[in-house]
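K.L.:
Listed below are the residues making up each chain.
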Amino acid sequence: MSRKKERAEEKMALPSLAASSFANTATSSASNAHVYTSAAASSSSVSLSPIKVRPQLFINTTLLNDKDERAQRTFDETDKYSITPTTFKSRSFAKNEPVREEVQDRLKAAASKLQELKTREKAYTSSVQDLINSLKKASEGVIVIGEFTKPGKDLSDLVQKFAPKIAVLTSYLQDLEKYQSFVERNKDLTLSYQDVYQNNTSTVTRFGINTANMNDEQVHQLISIYNPIAEKKEGSVKSGGSKKSAKEDPDTLPTLHPLEVLFISNAISKLTSRGEVNARDASSSSSSTTISTATTGKVVLVDIFARDDKGAIKIEGSKPETHTIVLYAQQNKSALQILVIDPSNSDYSKHLATNTLRVFGRDDLNIEIIVPSKQHKIYASPDKDKVGSNPDQYRDCIDIAVKIAFGLDKFKGVISINDIMSLEPIIEVTNQKDLSDSLFFDSVEAIARIRQASDDNIRAKANKLLGALDKQMQSILDYPGEDTESFSEEIMAKNKAKFNEPLLPSEYENAVHGLHSHFIFNNVLFSVHMSKVAVDLLGGDNGDS
Amino acid sequence: MKYKLLSDYCRWDKYKKAIKLLKEHDDLDLTMENGICFRFAIKHNNIEILNALLDYYTKNKLQAGDHDSMAYKVASYELRSILQNAVNAFEVSTEMQKMLDPYIATTDDEHEQDLSEFDDNDAITALDTDHSSTNNSSGSDEDSHSANNTKLTADLLYQLDHSSAASTNYIHFSPLSGTITEDTSKPDLLGNSVFEEHDL
Chain R
232 MSRKKERAEE KMALPSLAAS SFANTATSSA SNAHVYTSAA ASSSSVSLSP IKVRPQLFIN
292 TTLLNDKDER AQRTFDETDK YSITPTTFKS RSFAKNEPVR EEVQDRLKAA ASKLQELKTR
352 EKAYTSSVQD LINSLKKASE GVIVIGEFTK PGKDLSDLVQ KFAPKIAVLT SYLQDLEKYQ
412 SFVERNKDLT LSYQDVYQNN TSTVTRFGIN TANMNDEQVH QLISIYNPIA EKKEGSVKSG
472 GSKKSAKEDP DTLPTLHPLE VLFISNAISK LTSRGEVNAR DASSSSSSTT ISTATTGKVV
532 LVDIFARDDK GAIKIEGSKP ETHTIVLYAQ QNKSALQILV IDPSNSDYSK HLATNTLRVF
592 GRDDLNIEII VPSKQHKIYA SPDKDKVGSN PDQYRDCIDI AVKIAFGLDK FKGVISINDI
652 MSLEPIIEVT NQKDLSDSLF FDSVEAIARI RQASDDNIRA KANKLLGALD KQMQSILDYP
712 GEDTESFSEE IMAKNKAKFN EPLLPSEYEN AVHGLHSHFI FNNVLFSVHM SKVAVDLLGG
772 DNGDS
Chain G
2 MKYKLLSDYC RWDKYKKAIK LLKEHDDLDL TMENGICFRF AIKHNNIEIL NALLDYYTKN
62 KLQAGDHDSM AYKVASYELR SILQNAVNAF EVSTEMQKML DPYIATTDDE HEQDLSEFDD
122 NDAITALDTD HSSTNNSSGS DEDSHSANNT KLTADLLYQL DHSSAASTNY IHFSPLSGTI
182 TEDTSKPDLL GNSVFEEHDL
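For the protein sequence lines, the chains are R and G, in the order given.
Numbering of the first sequence is given in the working numbering, commencing with residue 232 and proceeding in unit increments.
Numbering of the second sequence is given in the working numbering, commencing with residue 2 and proceeding in unit increments.
Simulated from the structure, these hints should not be mistaken for lab results.
Among the hints, a few may not be true.
Stated by the list, open to error - In the DSS-like style, the derived pairs of lysine-lysine whose C-alpha atoms are separated by at most 30 angstroms in a straight line are:
| # | chain 1 | residue 1 | chain 2 | residue 2 |
| --- | --- | --- | --- | --- |
| 1 | G | K17 | R | K725 |
| 2 | G | K60 | G | K5 |
| 3 | G | K15 | R | K763 |
Claimed, not checked - Computed from the model, here is a short list of chain R residues facing chain G with C-beta under 7 angstroms:
| # | residue |
| --- | --- |
| 4 | K605 |
| 5 | Q606 |
| 6 | K664 |
| 7 | D665 |
| 8 | D673 |
| 9 | Q705 |
Everything numeric in this text was worked out from a predicted model, so none of it was measured.
Built from N, CA and C at the ideal position, the CB exists for glycine as well.
If we strip away everything but chain R, and leave its shape as in the complex, we get (with noise of 0.2 angstroms):
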């Protein structure tokens, strides 16, 4: 069978046997009625009709129709991804969106937070002072009042500590009350979504913007919320490595937007599985929420927008540009840390870490989000307009970070972020040669979409194949000879050639299977070669003389 009509065989479904599939696998979370896991379209499925599978559409539990306006301008969206809907699942919408039900709350506890802040700060100034006065006293004939001054100073001093937090407290209300009546106005914009991608192993979620219904008018007034970088960070922030350049300065990154706090926050909650941590001030929320119990496993996929030099919202076309990233949650000793990890450029959303005061609407939780001190590329792509789900295009960042998901999903142990770069689940999907010791190509020479399957085993020995040519090759160019280095060249050629042999998911497994093949053949080639040149070591005499 050929390729091409392989290929456009599996492009076509039965989209009304794929809904009656869905009706009896959907399943709903008792904690939220967001998460769905459906089978997808059966592969044995034949349709007359010419319809691509596509991911399954939800408005809660309700299937949407594929010739639904919304569905449509959906698709028109998830048809440009580069991950394929074997792996790509279902979307669902919810009709009560936590990022537009918790602005309320959000908006009570930040105003609670801000006047405790203001309360304590007037309430530290009289203490110092009655503090003072009351040593002064004490010490009255013993210490001289004037050996106070400096005392005195340094711990009024102290009290510039809370003009940061204050600030930022201040700049998130005025932020919450815009975004407030951002939803207020437009009460029937679906703002998020949440994907369900699954491969053999795992399953993952994915809290996405849902910038595809957006007009003119509601992208204006969606970026217009908020200042970039309008105050300085406060938070728990905590990044790895020792050694930081002036742009990683906290208080030049951006802050965070109230629809990605919301997300992110949402996301967290989905991450942690103890009722320790609270999302919101206790004390001034009846209806605080606990981060509550974890359904998906410790890694979980959220979107945020991308940013300009200045901080801004960039603009792709006429919508808000979102950015797809990895969360990981780990428990290390007594701290709770949200690992940040992202697919493209880790500089994106570093800013994260100094945003958790708006986060958390607190900052003295035992909890810490870190991201990368060094700037890290695990993905890119040589050429914008090369990305899609074709076997010859270049993958996205939301294909990434789920494969990375994957991968980190089973991972056991603690990670520590400055050794993140080195994990195998980074290293197997990375097309940048500098983060792996084995990659003998570069992104132009081989795409090698296999090397970043959903099916974890392919990706595991695609990597491994990957790495016994590169040793392969390493032995061949330490062997002596006066036409190793060109008899290598031509090794090196068709091991490149071979990695970027346009490949379907469905061939990936004999894909496997020839790379295994071409590496026995290598060795046949390397035997010629290595008795050619024992031969030619004596002139070609063979020694008889």
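Given the structure of chain R, go ahead and fit chain G onto it with the hints provided.
P.N.:
What follows is chain G alone, placed relative to chain R:
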């Protein structure tokens, strides 16, 4: 192809083979692939290879006596960008940091002063020469636009130098329009255009 082989030797920490290759060839462009050879040496904390690469680059691109030329300044800028990006990406030992400091450390004032010394014609010539395969300049209307060239070049280099992008950017100058823009492609050793990578 030799550059690819060199990058493999750097990736494998094969110091002697890397040195041999550098000695045998004087036309290797160490800025290719965002200076991947330098990045491997810095990532692996391989002082010997880094030293050999810096020596080679200095000998072939930063010749003494050419300090005032545009070519020298562009080569110097490219090296600094590559090394700075590598330092931003990998942990660097104290010993390696000492070795890198002379190539990276430049204050803003020094940098601006350097750039302000450009001769207009140097700017045009260097840019056209270095990127001839990727720009569309005809070179027929240079005089009418040359007055702004130095400032535009200086502004752009300054901007590039202070950008947070990890990849090295390249410059495209059009005398016809008098504009200078960032170029996403860079010629390889054979003069073919090689695309720079895009974040997703």
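K.L.:
For which of the previously enumerated hints does the structure constitute a violation, in increasing order of number?
P.N.:
Per hint list: zero violations.
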